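Asker: Chain by chain, the residues:
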Amino acid sequence: MRQAYIGIAILLLVGLLNAALFLVLSHMASVRRPTPAKAAPYESGISPLGDTRERFSVKFYIVAMLFIVFDIETIFFLPWAAIFRELGLFGLIEMFVFVLVLAAGLAYAWKKGALEWD
Amino acid sequence: MANGRTDLPVIGRADAGDVDTGVPRSWITTRLDYLINWSRRNSLWPMPFGTACCAIEMMAAAASKYDLARFGMERMSFSPRQADLMIVAGRVSYKLAPVMRRIWDQMPQPKWCVSMGACASSGGMFDNYTIVQGIDQIVPVDVYVPGCPPRPESLIYGLLMIQEKIKGESLKNDALRAESPDAAGRPNLPSDAIELVAQPFGNSTRQNRVSGIEGSGPLQRPRDRRERLLEHQD
Amino acid sequence: MASTSVSQAPAELIVGAPRPEDAASHPAVAALRKRFGAAILSVGQDAVGTPIVVVDPARSYDVLEFLKTDPAMSYDFLADVMGVDVGGGRPIRVWYQLWSHRHGRNLRIEARVPFADLRLRSVTPLWRAANWLEREVWDMFGVTFEGHPDLRRILMPENYDEGFPLRKEFPLRGRFTRSEQVRRCLNRSAEDVYAREELEMAGVLPGTKAPGDEMPGLPELPAKAMPESVADGLEGERMVINMGPQHPATHGVLRLVLRLDGETVERCIPHIGYLHTGFEKTCEYREWNQVIPYTDRMDYLAPMIYNVAYAGAVESLLGIEITPRCRVFRVILTELNRIFGHLLWLGTTAIDLGAFTVFLYTFEEREKIHNLHEAYCGARITNSATRIGGMLADLPVGWVEACREFVRNLTPTIDESERLLTNNAIWQARTIDVGVIDAATAVSLGLTGPNLRASGIPYDVRKARPYLGYDEYDFDVPVGERGDTYDRYLVRIEEMRQSIRILDQALDRLPGGPMNVDDPTVILPPKSEAMSSIDAMIAHFKLVMEGLQVPAGEVWYSVEASKGELGIGIVSDGGSKPVRCRFRAPSFVNLGSLPHLVEGGLVSDVIAVNASLDIVLGEIDR
Numbered sequence: 001m002r003q004a005y006i007g008i009a010i011l012l013l014v015g016l017l018n019a020a021l022f023l024v025l026s027h028m029a030s031v032r033r034p035t036p037a038k039a040a041p042y043e044s045g046i047s048p049l050g051d052t053r054e055r056f057s058v059k060f061y062i063v064a065m066l067f068i069v070f071d072i073e074t075i076f077f078l079p080w081a082a083i084f085r086e087l088g089l090f091g092l093i094e095m096f097v098f099v100l101v102l103a104a105g106l107a108y109a110w111k112k113g114a115l116e117w118d
Numbered sequence: 001m002a003n004g005r006t007d008l009p010v011i012g013r014a015d016a017g018d019v020d021t022g023v024p025r026s027w028i029t030t031r032l033d034y035l036i037n038w039s040r041r042n043s044l045w046p047m048p049f050g051t052a053c054c055a056i057e058m059m060a061a062a063a064s065k066y067d068l069a070r071f072g073m074e075r076m077s078f079s080p081r082q083a084d085l086m087i088v089a090g091r092v093s094y095k096l097a098p099v100m101r102r103i104w105d106q107m108p109q110p111k112w113c114v115s116m117g118a119c120a121s122s123g124g125m126f127d128n129y130t131i132v133q134g135i136d137q138i139v140p141v142d143v144y145v146p147g148c149p150p151r152p153e154s155l156i157y158g159l160l161m162i163q164e165k166i167k168g169e170s171l172k173n174d175a176l177r178a179e180s181p182d183a184a185g186r187p188n189l190p191s192d193a194i195e196l197v198a199q200p201f202g203n204s205t206r207q208n209r210v211s212g213i214e215g216s217g218p219l220q221r222p223r224d225r226r227e228r229l230l231e232h233q234d
Numbered sequence: 001m002a003s004t005s006v007s008q009a010p011a012e013l014i015v016g017a018p019r020p021e022d023a024a025s026h027p028a029v030a031a032l033r034k035r036f037g038a039a040i041l042s043v044g045q046d047a048v049g050t051p052i053v054v055v056d057p058a059r060s061y062d063v064l065e066f067l068k069t070d071p072a073m074s075y076d077f078l079a080d081v082m083g084v085d086v087g088g089g090r091p092i093r094v095w096y097q098l099w100s101h102r103h104g105r106n107l108r109i110e111a112r113v114p115f116a117d118l119r120l121r122s123v124t125p126l127w128r129a130a131n132w133l134e135r136e137v138w139d140m141f142g143v144t145f146e147g148h149p150d151l152r153r154i155l156m157p158e159n160y161d162e163g164f165p166l167r168k169e170f171p172l173r174g175r176f177t178r179s180e181q182v183r184r185c186l187n188r189s190a191e192d193v194y195a196r197e198e199l200e201m202a203g204v205l206p207g208t209k210a211p212g213d214e215m216p217g218l219p220e221l222p223a224k225a226m227p228e229s230v231a232d233g234l235e236g237e238r239m240v241i242n243m244g245p246q247h248p249a250t251h252g253v254l255r256l257v258l259r260l261d262g263e264t265v266e267r268c269i270p271h272i273g274y275l276h277t278g279f280e281k282t283c284e285y286r287e288w289n290q291v292i293p294y295t296d297r298m299d300y301l302a303p304m305i306y307n308v309a310y311a312g313a314v315e316s317l318l319g320i321e322i323t324p325r326c327r328v329f330r331v332i333l334t335e336l337n338r339i340f341g342h343l344l345w346l347g348t349t350a351i352d353l354g355a356f357t358v359f360l361y362t363f364e365e366r367e368k369i370h371n372l373h374e375a376y377c378g379a380r381i382t383n384s385a386t387r388i389g390g391m392l393a394d395l396p397v398g399w400v401e402a403c404r405e406f407v408r409n410l411t412p413t414i415d416e417s418e419r420l421l422t423n424n425a426i427w428q429a430r431t432i433d434v435g436v437i438d439a440a441t442a443v444s445l446g447l448t449g450p451n452l453r454a455s456g457i458p459y460d461v462r463k464a465r466p467y468l469g470y471d472e473y474d475f476d477v478p479v480g481e482r483g484d485t486y487d488r489y490l491v492r493i494e495e496m497r498q499s500i501r502i503l504d505q506a507l508d509r510l511p512g513g514p515m516n517v518d519d520p521t522v523i524l525p526p527k528s529e530a531m532s533s534i535d536a537m538i539a540h541f542k543l544v545m546e547g548l549q550v551p552a553g554e555v556w557y558s559v560e561a562s563k564g565e566l567g568i569g570i571v572s573d574g575g576s577k578p579v580r581c582r583f584r585a586p587s588f589v590n591l592g593s594l595p596h597l598v599e600g601g602l603v604s605d606v607i608a609v610n611a612s613l614d615i616v617l618g619e620i621d622r
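Residue numbers (my numbering), protein chains in the order written: chain G, 1 to 118; chain H, 1 to 234; chain D, 1 to 622.
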């Protein structure tokens, strides 16, 4: 069991080292000329009008929240799918219950009109 | 200098002088220079500032037949934040000039500029009230590509010249990437230099409304022409 | 392909060619004389037979209203509003070019406004197309249109203070020195860049500066007024953003100021003029043949159509007939360029909506047309192929075969692009019922070309007022039904197929004989003759030294360009340079309809609709 984890540890280490290397090299080779113009917001070359810290309509938040919930649900499926044969019938029913709970939530959101854009 | 004249203003970085960054020139730094320049020039992300006909030839250069992708330039960045190279393709009017300058200012270093076409390089066939007579009055230009419009091969040649230019850069020489914070939004040339380079030359000196040879009126044609004039002709 | 069909023109829309009528007996002229009497100052005819009625400027609105609303007149399409300054302090002439879709007749109303009183009543209540057209006349000549909803500069910057460029007293290079022009252009404030309406939309108080917000060389950002009460519940605030001028999907340097409520576009205000090149002014300083290279650079996507149209306009003023070979060859070039323009439209529209492959396929076909262009005249895009009285040269050996080869191989590419797009669920979802415009609004907004035909009006200048012998070719005009983006797409695809049909016919019937007219006072004689015969040498000398002299007259000549109806308005004083050279760009008027098409839709639809209008900024801004 230990053997498998050593591989992951090496992968993690190499990945981190790689990222660090790129960052360090870029930092060394880079040209730094910060000017206020570069910090100004970009709006196709025209000075922007007004603040961009506007309040967004709530429908964006609703879509984002629904997405997160069902995305996490999908992620939970993955490890289950990897070993579901070993879990047997118990695992299947367990997963169905899980999906049912979330489906109830989906039905509620659907009925409440959260999936309508306007 | 051009034709032995020494009174023309020296435009660009040639007279900026080498500013020594104090990094000693050794085998490591030259290898590092080579590596950095190699990676920079082979992965340039051009920002097409395409306005008119030259933009179409630039698009053709990016398409299958002339394929900029073989030079690493297929990822055209339209955001200046992610671009290395601004290709000004087409005529720039005075209304568009501040937009171009602002976008140039918003590009992070290292950045280069290609002036593609006759109109961007010198105003082209438009010596009039509305076209900037050469974008080097507004932004510093590295390579000028002549043509109206230049063929895609010409543009590629110009881009290869940019790659050559990048080969010659060095970490040691700071002047190449010089950019002063208060140069933002200002013209690239001083007023007298603008007057000098924008003055009419060649055929532009003879733009006049007098028809034909000075003093000749409409000629009598040997054959009749149908002439439909208004009853009231002022 | 379901919604594209060559529909039978409804009974009240007659699009046959009008019979050439004498101006005085034209029904509109007779009716106007009867009704308005003294307000009709004079009547004439231009070089292509369009009746011209000069009216008293004080009554111009009444005359135009009668012409639009009276059922027997029914001039529902305002093709152009243009100004002419003939110089010498004489009154500025404003031309209203009208066409009746119902009766198939055209007419021009001319009003001459003296400099002492440069005012006319705006006709925007009658035709919405007049909105931008009158703004341009204001911008270029300084004629005020009373009652115009938004009379401000359109091509020049907002607070341009050098003057009115197309007036004869305005110098070609402008009033200020070059360094002064550069200094001014880089020192613009928010008022110079934004219209008053936009500043109000963003809640910005004009003339204020935000403290601590100064960046050297950049215009100061104005202070924001106090935000509206936040008691409106869960609604988001509106955001005013700029789309363009530097933008991958605006098809050029177009700037759209959008007021957004989340993703919905509440208000769209296009700003053009970023590519204003002063073509019309510059062409007044060029000889007749020297104007031809300028015509390439306006619609650089289908340049030969402009070459052919301009040459045709000047030839109508000269009153000469081009040779049969030239006539057929010009049809070949026009249709080839129509395909050229439509292929680019297809490629860029597809890439805007995410279909990169179609871009590559269409550009490959365009390369073949580039090769044909280059084989003929040496240039890929900016061809300058025509000359007044003929073409720049006769066809090279093998060109016709190469063209046939190209035409043969084009249909499979169009089919392949259609297979990728037409029944594609994503494509349909993004284009069906997006940017819908009905027929009446389209006509009022002055739309022409495939944009108008997609809304159901079968108006094509090649059929309505045939030129270059188009009535002898067998082709159909595709017409859509719903007027949405998908229909505009289908109409253009079908137009490419119809152009292939015309090309096949034209290539078959290309006659032999000379390409240029046999008139040494119009066009240069062949070089071999100029070197050997004294008459030809004299003619060559005169033509080069004095320039072609076009007799005094005026014309408004229109053709069907790939984007719509292209109108060339020329006034000649008998000399070697035009007095006025006007290019009524189809995309200019088509773009004026953009706010109507996108307001109420989503931001992503702005891109789809903008692409479907097939605009080219070179001809919009001129």
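Think of the hints as simulated: they come from the structure by calculation, not from any bench. None of these values were measured; they are calculated from a predicted model. Glycine is no exception: its CB is placed at the ideal position from the N, C-alpha and C atoms. Fair warning: there could be bad hints in the mix.
As the list claims (entries may be wrong) - From the structure, some residues in chain H lie toward chain G, with a derived Cβ separation under 7 Å: (1) I103; (2) D105; (3) K167; (4) E179; (5) P181.
Asker: Each hint needs a verdict: does it hold in this structure or not?
Answerer: Hint check:
no. : hint : verdict
1   : I103 : 5 Å, holds
2   : D105 : 4 Å, holds
3   : K167 : 15 Å, violated
4   : E179 : 5 Å, holds
5   : P181 : 4 Å, holds
The structure fails hint 3 only (numbered hints given earlier).
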